[in-house]
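Visitor: Protein chains in written order, with full-length UniProt numbering: chain A, 1 to 465; chain B, 1 to 465.
In short, the hints are calculated from the structure, not lab data. There's no promise every hint is true.
Coverage of chain B stretches by chain A, computed from C-beta distances (three or more under 8 Å per stretch; other residues unrestricted) [to be verified]:
id : segment
1  : 226-236
2  : 341-353
3  : 364-376
Mimicking SDA-like on lysine to any residue, the simulated pairs with C-alpha atoms at most 20 Å apart in a straight line are [claimed, not checked]:
id : chain 1 : residue 1 : chain 2 : residue 2
4  : B       : Lys437    : A       : Asp406
5  : B       : Lys341    : B       : Ser319
6  : B       : Lys437    : A       : Lys111
7  : B       : Lys437    : A       : Ala129
8  : A       : Lys437    : B       : Arg151
9  : A       : Lys437    : B       : Glu170
10 : B       : Lys437    : A       : Lys437
11 : B       : Lys111    : B       : Tyr152
12 : A       : Lys338    : A       : Asn359
13 : A       : Lys437    : B       : Cys186
14 : A       : Lys338    : A       : Gly368
15 : B       : Lys437    : A       : His173
16 : A       : Lys437    : B       : Leu128
17 : B       : Lys338    : B       : Lys437
18 : B       : Lys338    : B       : Gln291
19 : A       : Lys437    : B       : Leu175
20 : A       : Lys437    : B       : Gly169
21 : A       : Lys437    : B       : Gly161
22 : A       : Lys341    : A       : Gln318
23 : B       : Lys341    : B       : His415
24 : A       : Lys437    : B       : His415
25 : B       : Lys338    : B       : Glu327
26 : A       : Lys111    : A       : Asn90
27 : B       : Lys111    : B       : Ile95
28 : A       : Lys341    : A       : Gln264
29 : B       : Lys111    : B       : Tyr405
30 : B       : Lys437    : B       : Glu396
31 : A       : Lys341    : A       : Ala129
32 : B       : Lys341    : B       : Ala317
So the derived label-pair ranges between C-beta atoms look like this [said to hold, decoys possible]:
id : chain 1 : residue 1 : chain 2 : residue 2 : range
33 : A       : Pro223    : B       : Arg93     : 54 to 64 Å
34 : B       : Glu327    : A       : Gln264    : 53 to 63 Å
35 : B       : Arg93     : A       : Gln292    : 38 to 48 Å
36 : A       : Met442    : B       : Asp443    : 17 to 27 Å
37 : B       : Met442    : A       : His32     : 20 to 30 Å
38 : A       : Gly410    : B       : Gly456    : 34 to 44 Å
39 : A       : Glu396    : B       : Asp443    : 50 to 60 Å
40 : B       : Met442    : A       : His324    : 49 to 59 Å
Glycine included, every Cβ here is placed at the ideal spot set by N, Cα and C.
Number of protein chains: 2
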Amino acid sequence: MLEELRAIVGAAHVLQGESLAPLLGDWRGRYHGQALAAVRPDSPAAVAQVVRACARHGAPLVPQGGNTGLCGGATPGDARAIVLLTTRLNRVRDIDTANDTITVEAGCLLKSVQDAAQAAGRLFPLSLAAEGSCTIGGNLATNAGGTQVLRYGNTRDLALGLEVVTPQGEIWHGLRGLRKDNTGYCLRDIYIGSEGTLGIITAATLKLYPQPRAQRTALLALPSLMAAVAVLERARAGFGAGLTAFELMAAITLQAVTHYFPEQRLPFAPDTAPWYALLEFSDSEDEAHAQQRLETVLGAALEAGEAQDAAVAGSVAQSRAFWHLRESIPLAEFRMGKAIKHDIGVPVSRIAAFVETTNAALQAAFPGVRHIIFGHLGDGNLHYNVAPAVGQGEAELLALQPQVYDIVHGSVMAHGGSIAAEHGVGQLKRDLLPRYKDAVEMDLMRRLKAALDPDGLMNPGKVLA
Amino acid sequence: MLEELRAIVGAAHVLQGESLAPLLGDWRGRYHGQALAAVRPDSPAAVAQVVRACARHGAPLVPQGGNTGLCGGATPGDARAIVLLTTRLNRVRDIDTANDTITVEAGCLLKSVQDAAQAAGRLFPLSLAAEGSCTIGGNLATNAGGTQVLRYGNTRDLALGLEVVTPQGEIWHGLRGLRKDNTGYCLRDIYIGSEGTLGIITAATLKLYPQPRAQRTALLALPSLMAAVAVLERARAGFGAGLTAFELMAAITLQAVTHYFPEQRLPFAPDTAPWYALLEFSDSEDEAHAQQRLETVLGAALEAGEAQDAAVAGSVAQSRAFWHLRESIPLAEFRMGKAIKHDIGVPVSRIAAFVETTNAALQAAFPGVRHIIFGHLGDGNLHYNVAPAVGQGEAELLALQPQVYDIVHGSVMAHGGSIAAEHGVGQLKRDLLPRYKDAVEMDLMRRLKAALDPDGLMNPGKVLA
């Protein structure tokens, strides 16, 4: 098989030994797998040949992009597996500004897609922490979320067309740049978010948007979660689609950032409020109008007592500093001791009740554990993490992970939520799905998998057991 | 079987004879089918029982909502078929304003969903000509489009969760009101747009939006299609997400409206321009700001020569009059003699080239036929209809339908487009699909159908042969 693969992609692009090793684990060091080799095809036709070769030999195929995933979805598990690297599928094939679309190959870095759009005077709005190293193929495979979802949607909402290599090694030429197309079943949305288990996305046609003409960032100090939801509702009504981010941060998260990174400063006294929010307003007019709108909406929130204080970034540098506070939370959290992480979603209307009851249940079971809560309030998506109590060791906490999972995920379900909001399932949550999802839905998913990948060679052991 | 069905839904809700007859054809009079009976279940559990009864007896099931479809998707074709009416599944189950969601049953009229949202101070933005008589279930089954797609997307983009009865008579409880949920394959988007061929949607959780605080409508006279696209691009950049409609109309369509309905008036001389557009701007601020923005953006378009003239509605009544002009086009078209209709989509960047080359090809083949072109320019979606030449009879033209289809659909494909943009496939375009779609895609669609509906009893003969 290796000979066949070398003939397809060239010997230099079949990796084994030392060059294979770094691809066998995830960046968080949580998963360690094995594989026979990795291959780097440079065209959809070569991907199709690789898929057919693997199918003939019964070898599992594991697609991998930037390998920045959080759920082990790109880590191979089988000694016969072939890792399919999308690195060389990295062309921007087309930008059509009059149609507001860009067509890119799966191995393009998300940052490269953003940059190509910007160079054409457009915005590609998908934005997340790993954007400098993750690939758009990985974003599509996991239906990645990020900070701009409340305005522009998840990756699925940004995709119009796909090119996919099927498990049979055929190419579906579905790169349509159409806002309306009802010629049959929506195959596109099945592949998006299927984490490489149904086929390999090799390219996509994505939506572009006009660049905002002005942007304003504000940091808000909030007396309660209920107040945060009230400000969000006010901002939605007042800014309309101009509200492009609404990030929630518990006081402990910003206290940790300023403690571990003392060069970063909060614009408030450190104990001003129990909750903070980073709000971003994007305007299609000009700087003066953006400023006036922000003052109007925030002024009303302050007057209503929904916000205790508001700091508006006076410069691009200060806006970056506000975002930097938000983005530093995971690093500060790491310094506090490894946490038990949850990527949960609930309806925005249930956020406050969810946090209150889940915090209480955890404190009752494990007194003193710390609640590291932050995330995308506008989408009802929280990174609800549980850090060791002061004096508690990492290992001591991590031993409790199953019980902590039970409490948090049980509470998520009681509030009509999702146990995997934006990071996907991968290996991490595969065995939780049957417990928390509708049995009919699990059966439908298995039917789909069997229909599209009957030999079960596409990224086996991910999403479904 | 009829006894079983009566036991499930009650004898009064099993229709035959005279009460069945009107359900056996479409409203345009294009399709006439047959069926054994129609049933009106009033709960998802009853729908599931009906599905199981039909499965036991091998009877095809044809869901029907408002029966306003344009492609024969709701017309039964088999004497053993059971028509499943969603009429009694008509409850608004929940409105959650803090989460901006509404949960409704499939038989709710679209207008009822809009009204329920409005009563709660929110907007449900799906809007189309049949909204007073079509059902949200039909909108979901066909992934309906309409006039607000350039801002809010198609029906699929407005749905968060579904409740579906599978062909096995099980209920998938998928009514999630979540903006982010990556717990497996996106079943939701397979059912949406599948026209009842994979299961029966019984309820949906849909997105709501803030109501605009001010709205402005303008009618523009445009020197060319290229100019229309330029104004669209300018409006997108200048209004951002405030641009909620951009409807294109060829001069002949408005001339026909004012000819057949002389009480309607154009705000311009009748031969001002070859093209017109209806532009709608929705603002999250106030009337004064909306007016100022409109003047700024339209002023620039006039100055650049992209628009020859612009009439801004000065009142709600005038705005309605402008929309009434647009909505009267199909009626005026009907008076001109039955046309050969096309519901096509192409990238916005290809619209002008598509119209120019297709018009020329049709004139070369059938001199004198008239091009009744109007539609949703913002989505690249045109109703590109071909009316008889002056003096040509309807029958004479309709006999040429296969050749006209060939020219128009061939041109659509050459321009990277779709032959069924917003009306769906139904029976009308079923046999065209294999000709114009990727063979791999057709194969994937057949695999899906076989996997989810192995007995082929769900709306047979629609979408796929």
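Visitor: For every hint, state whether the structure bears it out.
Guide: Each hint, compared with the structure:
1. 226-236: With 3 residues close enough to chain A, the hint holds.
2. 341-353: holds (count 6)
3. 364-376: violated (count 1)
4. B:Lys437 / A:Asp406: This hinted pair is violated, its Cα atoms lying about 47 Å apart.
5. B:Lys341 / B:Ser319: violated, 28 Å
6. B:Lys437 / A:Lys111: Given pair lysine 437 (chain B), lysine 111 (chain A) is violated - Cα atoms ~33 Å apart, limit 20 Å.
7. B:Lys437 / A:Ala129: It is violated: about 38 Å lies between the C-alpha atoms, which goes past 20 Å.
8. A:Lys437 / B:Arg151: With Cα atoms ~33 Å apart, lysine 437 (chain A) and arginine 151 (chain B) exceed 20 Å; violated.
9. A:Lys437 / B:Glu170: Holds: lysine 437 (chain A) and glutamate 170 (chain B) sit about 15 Å apart, inside 20 Å.
10. B:Lys437 / A:Lys437: violated, 35 Å
11. B:Lys111 / B:Tyr152: holds, 17 Å
12. A:Lys338 / A:Asn359: holds, 18 Å
13. A:Lys437 / B:Cys186: holds, 13 Å
14. A:Lys338 / A:Gly368: This hinted pair holds, its Cα atoms lying about 15 Å apart.
15. B:Lys437 / A:His173: holds, 9 Å
16. A:Lys437 / B:Leu128: The hint is violated at about 35 Å.
17. B:Lys338 / B:Lys437: violated, 28 Å
18. B:Lys338 / B:Gln291: violated, 40 Å
19. A:Lys437 / B:Leu175: The hint holds at about 12 Å.
20. A:Lys437 / B:Gly169: holds, 18 Å
21. A:Lys437 / B:Gly161: Holds - the C-alpha atoms of glycine 161 (chain B) and lysine 437 (chain A) are around 14 Å apart, at most 20 Å.
22. A:Lys341 / A:Gln318: violated, 30 Å
23. B:Lys341 / B:His415: holds, 18 Å
24. A:Lys437 / B:His415: Roughly 43 Å between the alpha carbons, so the hint for lysine 437 (chain A) and histidine 415 (chain B) is violated.
25. B:Lys338 / B:Glu327: holds, 17 Å
26. A:Lys111 / A:Asn90: Cα-Cα ~12 Å, so holds.
27. B:Lys111 / B:Ile95: Judged against 20 Å, a Cα distance of about 16 Å means the pair holds.
28. A:Lys341 / A:Gln264: Status violated; Cα separation ~24 Å.
29. B:Lys111 / B:Tyr405: violated, 34 Å
30. B:Lys437 / B:Glu396: violated, 30 Å
31. A:Lys341 / A:Ala129: Distance of about 16 Å is within 20 Å: holds.
32. B:Lys341 / B:Ala317: This hinted pair is violated, its Cα atoms lying about 31 Å apart.
33. A:Pro223 / B:Arg93: 54 to 64 Å: violated, 33 Å
34. B:Glu327 / A:Gln264: 53 to 63 Å: holds, 57 Å
35. B:Arg93 / A:Gln292: 38 to 48 Å: At roughly 41 Å between Cβ atoms, glutamine 292 (chain A) and arginine 93 (chain B) fall inside 38 to 48 Å, so the hint holds.
36. A:Met442 / B:Asp443: 17 to 27 Å: holds, 25 Å
37. B:Met442 / A:His32: 20 to 30 Å: violated, 42 Å
38. A:Gly410 / B:Gly456: 34 to 44 Å: holds, 40 Å
39. A:Glu396 / B:Asp443: 50 to 60 Å: The hint (50 to 60 Å, Cβ to Cβ) holds, given that glutamate 396 (chain A) and aspartate 443 (chain B) are roughly 54 Å apart.
40. B:Met442 / A:His324: 49 to 59 Å: holds, 50 Å
The structure is inconsistent with the numbered hints 3, 4, 5, 6, 7, 8, 10, 16, 17, 18, 22, 24, 28, 29, 30, 32, 33, 37, although it conforms to all the rest.
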